[in-house]
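A.B. asks: Put together the whole structure using the sequences plus the hints.
Protein chains: 2
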Amino acid sequence: MASDDSIQLAHGGGGQLTAELIRDVILPALGGQRAEGLTDAAVLAGDGPMAFTTDSYIVQPLEFPGGDIGKLAVCGTINDLAVSGARPVALSLSLVLQEGLQIALLERVLASAGRAARDAGVEIVTGDTKVLPRAALDGMVINTSGVGAMLPGASLGFDRIEPGDAVVLSGPLGEHGLAVMSCREGLAFATELRSDCASLHELTAALIGELGEAVRFMRDPTRGGLAAVVVEIGQSCGCDVEIDEAALPGNATARAAADMLGLDVLTVANEGKLVAFVAAAAADRAAALLRPFDVAAAAAVIGRVGQRSDSPLVEMVTSAGGRRIVQMPYGEELPRIC
Amino acid sequence: MASDDSIQLAHGGGGQLTAELIRDVILPALGGQRAEGLTDAAVLAGDGPMAFTTDSYIVQPLEFPGGDIGKLAVCGTINDLAVSGARPVALSLSLVLQEGLQIALLERVLASAGRAARDAGVEIVTGDTKVLPRAALDGMVINTSGVGAMLPGASLGFDRIEPGDAVVLSGPLGEHGLAVMSCREGLAFATELRSDCASLHELTAALIGELGEAVRFMRDPTRGGLAAVVVEIGQSCGCDVEIDEAALPGNATARAAADMLGLDVLTVANEGKLVAFVAAAAADRAAALLRPFDVAAAAAVIGRVGQRSDSPLVEMVTSAGGRRIVQMPYGEELPRIC
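Which chain is which? The protein sequence lines are A and B, in order. First residue of the first sequence: 1, per UniProt numbering; consecutive thereafter. First residue of the second sequence: 1, per UniProt numbering; consecutive thereafter.
In short, the hints are calculated from the structure, not lab data. A couple of the hints might just be wrong.
What follows is a set of in silico ranges between Cβ atoms, one per label pair, in the way DEER data are often shown [claimed, not checked]:
| id | chain 1 | residue 1 | chain 2 | residue 2 | range |
| --- | --- | --- | --- | --- | --- |
| 1 | B | Pro-163 | A | Gly-209 | 46 to 56 Å |
| 2 | A | Asp-24 | B | Pro-61 | 41 to 51 Å |
| 3 | B | Tyr-330 | A | Gln-102 | 13 to 23 Å |
| 4 | A | Gly-212 | B | Tyr-330 | 52 to 62 Å |
| 5 | B | Pro-163 | A | Ala-45 | 26 to 36 Å |
| 6 | A | Ser-6 | B | Ala-206 | 37 to 47 Å |
| 7 | B | Asp-5 | A | Thr-318 | 34 to 44 Å |
| 8 | A | Ser-6 | B | Asp-24 | 35 to 45 Å |
| 9 | A | Gln-102 | B | Ser-236 | 25 to 35 Å |
| 10 | B | Asp-310 | A | Gly-153 | 53 to 63 Å |
| 11 | B | Asp-24 | A | Asp-47 | 54 to 64 Å |
| 12 | B | Ser-309 | A | Gly-100 | 31 to 41 Å |
| 13 | A | Ala-45 | B | Ala-246 | 40 to 50 Å |
| 14 | B | Ser-236 | A | Ala-298 | 48 to 58 Å |
In silico negatives: residues of chain A with every beta carbon more than 12 Å from chain B [to be verified]:
| id | residue |
| --- | --- |
| 15 | Ala-104 |
| 16 | Gly-121 |
| 17 | Ala-256 |
Pulled a few chain B residues facing chain A out of the computed Cβ check, cut under 7 Å [stated by the list, open to error]:
| id | residue |
| --- | --- |
| 18 | Thr-53 |
| 19 | Leu-137 |
| 20 | Arg-223 |
Note that beta-carbon positions come from the ideal geometry of N, C-alpha and C, so glycine has one too.
C.D. replies: Below is the structure:
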């Protein structure tokens, strides 16, 4: 199979061509993982509580500054495990491909997925490949599911958040969504803006390892951005939350892009940022633990949990000293962003 | 949200509308599962070796005689765990929906998925929902991944198959693929043909529980049919395999449909059939253990493993007494079948 070939419907038939695609393209591109579309299931050691998660990725374009759908699919699911307090152990990778997709593109995306998994010390252990007719799908969908081992000392939950707790953010907002959108719109600053797509499991392990139960809750603010995550957390724990605009780590290019596109960076997707709710006494230490990581060099304490309330509000104290209510975005500002 | 509404792009945005879709449609339709698109990951007890598997489902039409994409997605992943020697424990369910999809249809499909999971005693524990623009996807894709607990006594592998072992099949071939295809083509016998879509974990547990290590290998013959599975097994264990056509459980309607469509039932997809390779001495007992299950009432010993060979062949002894070579299908005879 030559790399200038393209995917045919028959590649999804479960016969000889499927086996060849897996053997000649998928396994070599993933690179040394034990991903075998050829076994029905992989066997993992299970000793202790496990986290289990799933996500399907539909981003368009498939390749963008700072990443591609393969890296996104691996990092995204690693992060879902990480913020749940687990050490990522194994991933599945399921492809739904458009008939006619260039095999060279598929190889690049899978190589990127394999690299992201190896970098994180996670194995891709099982997979699946389907093909849809040209008219029935644009591009590809990748689903990754993941299994992780719960970290000793992790005790996370909405119910562990208390008035006075601090909100820590690992870096500037909106880089993923704005990089993808700028790339899609052909905006000039597309060359400068890069997706923040990255695995966060080392950050979360450092927080839990050092701070233990002082870490109350963690989340990666993807679709819907920081706004969706903090509003949901506030409603779920029944407390007001206050965010300091002046404390938000800044990225001038991202902010300019957001202004130009008429978007609020609080609602734009991130793929390599961590929000942690921690005990007030541990707040500065949490930010300091994060900063040695390249992806969290600008980590900062950005807010605090307010009083318990029957109708909890998230408010932002603006840089100008005013206050505005932060709302959960209604729908989708940026389709096919992740 | 009314059932005559349809899916909007904004339902996939991760904001308020996504939360409403999950709360008002997805969770009630799944019915009492703890599936929360709202948590990033579910926590499972892990005590002992676990099986982990994934599959994406793209069948068209979404509803067909004997099942729908929801039931298929649950049973299919349960079966991948079952044939690996595991007791299915938990599933993830990830939806990729076409903008404009009728919510009433989504509700039916999810109710069916929830029923299949409850019937099997398996929980749907985590999920995800994305929406693609109308032009970018036809219908929906469902990915289910699954985690199972390896059964004590299961010792399955290609390397456990030996010359002389018997091949046991749980029932007639081709019912799923032919039901979907007949439905799609509007053929008259569509009313009689039903997909065999069913969960097989009780069958596999019965075999392993009673026969232990005499069960060498199991597989559910989905895409590519019995032909793909037996050829792959023969090649992987390095032995010839012989199938007796006269011993194959029969379904006259399926056979007539296959003839009319010009298809070989050996290569047509099944979604509720089990192929087990067992020690010769346990063959009749294996078939007898399967027959009490409704879905395996016609279980039979259909063949045997021949000699070791450098280029293993699967041959069928035809009802007329001849022999023909069974080949792995090259590509896809029936697109969007599962």
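A.B. asks: Just to be sure I understand the hint, the distance between the Cβ atoms of Gln-102 (chain A) and Ser-236 (chain B) should be within 25 to 35 Å; is that true here?
C.D. replies: Taking Cβ atoms as reference, Gln-102 (chain A) and Ser-236 (chain B) lie about 31 Å apart, which means the hint holds.
A.B. asks: Does the Cβ pair Pro-163 (chain B), Gly-209 (chain A) satisfy 46 to 56 Å?
C.D. replies: Taking Cβ atoms as reference, Pro-163 (chain B) and Gly-209 (chain A) lie about 54 Å apart, which means the hint holds.
A.B. asks: Within 41 to 51 Å or not, the Cβ separation of Asp-24 (chain A) and Pro-61 (chain B)?
C.D. replies: violated, 33 Å
A.B. asks: With chain A as the partner, please determine if Arg-223 (chain B) meets the hint condition of a C-beta pair closer than 7 Å.
C.D. replies: Arg-223 (chain B) check passes; min Cβ-Cβ to chain A is 3 Å, inside 7 Å.
A.B. asks: For the restraint on Leu-137 (chain B), tell me whether the closest CB of chain A is nearer than 7 Å.
C.D. replies: holds, 6 Å
A.B. asks: Check the following: the C-beta atoms of Tyr-330 (chain B) and Gln-102 (chain A) are separated by a distance inside 13 to 23 Å.
C.D. replies: holds, 22 Å
A.B. asks: Measuring from beta carbon to beta carbon, are Asp-5 (chain B) and Thr-318 (chain A) in 34 to 44 Å?
C.D. replies: holds, 37 Å
A.B. asks: How does the Cβ-Cβ distance of Ser-6 (chain A) and Ala-206 (chain B) compare with 37 to 47 Å: does it lie in that range?
C.D. replies: Given a distance of about 45 Å, which is inside 37 to 47 Å, the answer is holds.
A.B. asks: Grab the minimum beta-carbon distance between Ala-256 (chain A) and chain B and tell me whether it stays above 12 Å.
C.D. replies: Fine: 23 Å to the nearest Cβ keeps Ala-256 (chain A) off the interface.
A.B. asks: So is Ala-104 (chain A) really clear of chain B, every C-beta pair being over 12 Å apart?
C.D. replies: Its Cβ never comes within 12 Å of chain B, the nearest being 21 Å, so this holds.
A.B. asks: Range first: 26 to 36 Å. Now tell me if the beta carbons of Pro-163 (chain B) and Ala-45 (chain A) are that far apart.
C.D. replies: holds, 33 Å
A.B. asks: Taking 31 to 41 Å as the stated bounds, is the beta-carbon spacing between Ser-309 (chain B) and Gly-100 (chain A) within them?
C.D. replies: holds, 39 Å
Consistency with the previously given hints fails for numbers 2 and 11, ordered from lowest to highest.
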